[in-house]
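Using the hints, build the complex out of the two chains.
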Amino acid sequence: MRAANRGDQRAYAVLLGAIAPVVRGIVRARGAALGNEHCEDIVQDVLLTIHLKRQTWREEAPLRPWIYAITRHKVIDAFRARGNRVDLPVEDFAEILPAPATEDPIAARDMARVIDQLEPRAAQIVRAIGIDGETTAETGARLGMTEGAVRVALHRALKRLAQLRERMIE
Amino acid sequence: MNTDDLIAALSADGGPRLTPEGRMLRSLPVAVFLALVALLAGWHARPDLAQALASVAVYKTLVPLGLAALALWLVQAICHPESRIRAQTGLLGIALAALTLVLGWTLATTSAAEMVAQLSTPDLVNCLISVPALSVPALVAGFWAMRAGAPRNPVAAGAALGLMAAAAAAAVYSLHCPHDAVIYFFTGYGIAIAVVTLIGAALGGRLLRW
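As you go down the protein sequences, you meet chains A and B in turn. Residues 3 to 172 (our numbering) make up the first sequence, in order. Residues 661 to 870 (our numbering) make up the second sequence, in order.
This is chain B alone, in the form it adopts within the complex (with noise of 0.2 Å):
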């Protein structure tokens, strides 16, 4: 076949296609809804959620919120093969060096037996366990917007992937998460988080490449 008789085939299946971007707009709503239906359902929300919104706690919300704005705003740009990423690898990690300050302060001010006494609730398993489960949705939704998009970098795309669908999850699993220590939120949050990342880093490898 000759590469003229290719354009003719590939011309004659041209039209419209929803790009990733319109993908996204269908699926993720539909994925943070169920997500927010599985939690009430299953998990309850937190007793005392209205306080817990109204007081400092909000940031176990706020914070992944924010997470999970930058990290889709990296999964927008880098579904096109030309596009650069640097304002948004940039800002995210002035985001992931501002935590890691804000883990370091709170290491050096708390005392150890303060910590223990925080870290021991079979809770944190359960929240290990909860944020994977609930990022199930946004990944399955992700993958399938990410697959009509083209990145150059299937892992690193995979990567960002996971961790807008994990910084959800941990968005939505707070209203029914009553620790509200910091050093919890780094543990169990940040593990959880961590490792759907670097699940979205080796799926993205399998299912993004073109």
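Looking at chain A on its own, in the form it has when it is part of the complex (with noise of 0.2 Å):
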């Protein structure tokens, strides 16, 4: 996480990577009912907002309250939206295991119809370097921009995404 504050793309891709099972893990456990496109959709929710959010980590501090903290934080917001009352203790986050995904890749339904809401340069910037796995050098390329301004709207995509997520759960 250190080194994906300052800049280091791979790592944090890495990390985030070792993060979802972790989220998924607690998903599942508290969500069983949910069913498992609905539980990925919250883990897309949690690593989004993990995402948003990083900067509130301290570098000192351990990061795995901080991410069950997080974790805890959307899972009750998501579960509410979807009419379950939940209590979670976070001091059962530690003892529940990793999950890796079943069928991989799961396709959670809601993150592909928030992106359709999305402008259509933005939902475009979002798929490719997500789905097509472009860097931002060759999105800007093959769209006319530079690579800053590819950076800058992927910044605002995604932040428009967790805000569109937040309204439909409302």
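Honestly, the hints are just simulated from the structure, not real lab data. Misleading hints may appear alongside valid ones.
Unchecked claim - Chain B is faced by these chain A residues, among others (derived, beta-carbon under 8 Å):
{"hint": "1", "residue": "72"}
{"hint": "2", "residue": "75"}
{"hint": "3", "residue": "144"}
What the hints assert, rightly or not - Chain A stretches covered by chain B per the calculated footprint, using a threshold of three residues with CB under 8 Å from any CB of chain B:
{"hint": "4", "stretch": "8 to 20"}
{"hint": "5", "stretch": "50 to 59"}
{"hint": "6", "stretch": "62 to 69"}
{"hint": "7", "stretch": "113 to 124"}
{"hint": "8", "stretch": "128 to 142"}
{"hint": "9", "stretch": "152 to 161"}
Said to hold, decoys possible - Just a few of them, taken from the derived set where beta-carbon distance is under 8 Å, the chain A residues facing chain B:
{"hint": "10", "residue": "46"}
{"hint": "11", "residue": "147"}
{"hint": "12", "residue": "149"}
Glycine included, each C-beta is placed from N, C-alpha and C at the ideal position.
Structure follows, in structure tokens:
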């Protein structure tokens, strides 16, 4: 995470990849009744939030309690929105085993729907970098934008995604 | 979109971000400076400021300043979702309890006629309007900083920020205010700070959700 906050993209991808199964484990353990697809939607919500709130992690602090706190916050939100009352003591989280994705890759439905609501250009950028695995430089070259502009657009698109998800929940 | 794709998109957007503390360091000094300038330009410092600050009346500046410092400590901690805030809320509780004791003692030892005399001044309304007005810059700066944070309880976080902004504004306003009676301090400053704290809580519920 430290490396990621300094701009090391690969380290960040590896870290998020390692966090995802932990988050998935928590969500599955708490929301077994919701079904795998719904759970994966919540996992994606949590990852998006971890990304947008990464500056609230203190470099000298352990990462796990921070991840649990964010996961707990978003999971409660998500379950509440889906009409389930939940009570999640944070101490329980440490004992939950990470869950790998069962059928990999899992296609969560909500995120695709929300990306469709973005402006066309923003949606294009998110898809290009996420699904097609382009780098920001390649996307920039293809769309006739500078790499910096692609980064800014991507960042705005991700923030907007989080807002749209929030609105869906309400 | 599957989760691995999302991770790919997120990691392309990585890189350093300003922490809530970083934002506070940038914005709060500006806010305090603005409030001070506004006070000197719009309200003027009390003519006997030097004497007042050298006398017991300095409590009107120091008590709000202490409250603001405590509240700032709480605001800073509350921005982190995993943090425990027992020390901060405990100390704030002790401070408020001590102030309540002082208020009780003052009410018990001051005659009703004296209190009415100390409170019968149009400046009281002025105070109730000025302190919230002077807290606006710190509120704006604080919300900007806290929106980078992730408070578990947005309403409580907003209240802490409101308390911080209002207490700082009260300390600034004390440089103008010519009334040094303790009962006046509790009525004017106390109510103004309480109102801004409530406003902060209401705004926090909207602005600090994540």
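For each hint, the structure was consulted:
Nearest Cβ of chain B to the Cβ of residue 72 of chain A: about 5 Å, under the 8 Å cut. The hint holds. Interface hint status for residue 75 of chain A: upheld, as the beta-carbon distance to the closest one in chain B is roughly 6 Å, under 8 Å. Interface restraint check for residue 144 of chain A: the shortest CB-CB distance to chain B comes to about 14 Å, outside 8 Å, so the restraint is violated. Under a criterion of three residues with beta carbons nearer than 8 Å to beta carbons of chain B, the stated coverage of the stretch 8 to 20 of chain A is upheld, 9 such residues being counted.
Counting residues of the stretch 50 to 59 of chain A whose beta-carbon sits less than 8 Å from any beta-carbon of chain B gives 9, enough to reach three: the coverage restraint holds. Only when three residues or more bring their CB closer than 8 Å to a CB of chain B does the claim for the stretch 62 to 69 of chain A stand; here the count is 3, and the claim holds. Interface restraint, the stretch 113 to 124 of chain A with chain B: holds (3 residues with C-beta to C-beta distance below 8 Å; minimum three). Only residues whose beta carbon comes within less than 8 Å of a beta carbon in chain B count, and the stretch 128 to 142 of chain A has 8; three or more means the coverage holds.
For the stretch 152 to 161 of chain A, the assignment as covered by chain B holds, since 4 residues bring a beta-carbon within under 8 Å of that chain's beta-carbons and 3 suffice. The restraint placing residue 46 of chain A at the interface with chain B holds, with a minimum CB-CB distance near 5 Å, inside the 8 Å limit. About 14 Å separates the beta-carbon of residue 147 of chain A from the nearest beta-carbon of chain B, more than 8 Å, and the hint is not met. Taking 8 Å as the C-beta cut-off, the interface hint given for residue 149 of chain A is violated, the closest approach to chain B being about 10 Å.
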